[in-house]
Amino acid sequence: MTVLSSLSLAAIAYSQVGDLAGPSNVVAGSSASIATTGSGTGMFYLIGPSVSLKREIKLGEEIVLASSELQNAGRYVGIVCAGACHSTEVFVIPAKPVSLTFLVHPSRAPVDQSDVISGVALPFDEFHNLALGTIEVSFQLTPRGAAPVSHPASTQGGIAWFRANSGRSARPLLVTASAEGVSAVRVVQQVASDPCGLHIKGQRTTKGIVVETEPVRDCGGNPVPDGTIVTFTARNGTETSTVDAPIKQDIARATLTTNGPVVVSAASGVVMGNELRMGAQ
Amino acid sequence: MDNEDQFRLLAKLIVIGLLATMTSLLATAADSSPQVVLNTSTARPRAVESLTERSLCRDYKFAWANLAQAMESNSNDLLSGLFAGAANTWLNDAITNQRRNGLTSRYLNQTHKLDAVFYAPEGDVIELHDTADYDLQILDGNRTIDNEHVRVRYVVLMTPGADRWVIRQLQAVPRF
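Chains as they are written, first to last, in the numbering used here: chain C, 2 to 282; chain U, 179 to 354.
Be careful, since some hints might not be right.
Stated by the list, open to error - Each pair of labels, with its calculated beta carbon distance range:
(1) C:R56 - U:S253: 44 to 50 angstroms
(2) U:R321 - C:T38: 19 to 25 angstroms
(3) C:R236 - U:R222: 47 to 53 angstroms
(4) U:S253 - C:P173: 44 to 50 angstroms
(5) U:T267 - C:R172: 37 to 43 angstroms
(6) C:T38 - U:Q315: 44 to 50 angstroms
(7) C:S108 - U:N287: 43 to 49 angstroms
(8) C:P262 - U:P338: 52 to 58 angstroms
(9) U:P338 - C:R205: 50 to 56 angstroms
(10) U:N279 - C:S155: 38 to 44 angstroms
(11) C:P173 - U:N287: 52 to 58 angstroms
No lab work stands behind these hints, which were simulated from the structure alone. Please read all numbers here as calculations on a predicted model, not as lab measurements. By construction, the Cβ of each residue, glycine as well, lies at the ideal position given by its N, Cα and C atoms.
Build out the structure end to end from the sequences listed, making use of the hints.
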């Protein structure tokens, strides 16, 4: 019943179906018309992705489809009934993109990691149609205070993406996707990686043993974020006690209440610190 | 044959009749539900895990079954939770407009051949290409105004929800 002719964005081809001749494709948000033959009146129906309209028409005249009736990309069926019914098919194709949906992961990335940052960009036109033609997208990664790095890509099926390493310094990374004059920006916070070596020192006081780390940094010299947990362990023969302490301003500190001689150690994640031997009080 | 034998025979016939009816109903239900086949071998850059593949297949099938019911009964409620974003808005608008004009649509004998073409590195969006075959009937009241077998190609975007994958974009295209 329906015949599809070859489609083109620039040219509008016409397909003749029964008593109807309509464009085979229309750009979203444009008006179009369907030619009819015959005389008298008939009923016209347009069924599309979000449209189901019905109106009386005069046969032999053109049916004008308003731009507001052809906004959503997809397949539309135009039907004219006057006794018998005839139908024609029209595809509405996306218009020029005006916005980018931009998904970037993660929001916080540890420094110096391979392929840890990824982004996906999807261009949409003003009617929320996914723009499916090939579009050049430029992804730009700009660490604060440093030169940007570009990752050019093309959309395939309406999607462009990139994957990148994180930088060596803990600082915000501005990630921008730009295409056809439209851009979207996201920020990835690059944070210190795991601590690199953990050094502790301590002294006995009247309340117990006060132990603290030296400033905790990753292997790139970036201070490990506040709140990172350091576990202090005190062993006295077979007895073991542990205290978890968060890093605050680069240093984790704890008080171990013990009187006898102990061996104190510290760990954070998979990193172990030095051992500290403290004599009895 | 005494009364007890007659009673037993009657009971057996009733049970057999009920079983036959149930089997027939189940067969009809199975035939009318959408048939979905998903090929994930073409997904890039991330491979689709087998559990995700099963969930996608199940949820896509469920979404189309509900879409068909919603378009036939002009009930927006059937779409909730299965569609989101533009797809949800468009389908709800279509149903509202159908209801206003006394129209209904039937999507019958659906088969969907899905190819996963993009699966995001973090797994938060997947693009599928659906080559769908179905019989589309459009009715004005009780009068069938269009009845055709169609092959429609859809570009589909799905995202993971709390407990299922939801369709965010369901865009028919002339060709992939």
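So, going through the hints one by one against the coordinates:
1. C:R56 - U:S253: 44 to 50 angstroms: violated (25 angstroms)
2. U:R321 - C:T38: 19 to 25 angstroms: holds (22 angstroms)
3. C:R236 - U:R222: 47 to 53 angstroms: Once the Cβ atoms are compared, 52 angstroms apart, the range 47 to 53 angstroms for R222 (chain U) and R236 (chain C) holds.
4. U:S253 - C:P173: 44 to 50 angstroms: Because 48 angstroms falls inside the window, the suggested range holds.
5. U:T267 - C:R172: 37 to 43 angstroms: holds (40 angstroms)
6. C:T38 - U:Q315: 44 to 50 angstroms: About 25 angstroms separates the Cβ atoms of T38 (chain C) and Q315 (chain U), which means 44 to 50 angstroms is violated.
7. C:S108 - U:N287: 43 to 49 angstroms: holds (46 angstroms)
8. C:P262 - U:P338: 52 to 58 angstroms: holds (55 angstroms)
9. U:P338 - C:R205: 50 to 56 angstroms: holds (54 angstroms)
10. U:N279 - C:S155: 38 to 44 angstroms: Cβ of N279 (chain U) to Cβ of S155 (chain C): about 42 angstroms, so the range 38 to 44 angstroms holds.
11. C:P173 - U:N287: 52 to 58 angstroms: holds (55 angstroms)
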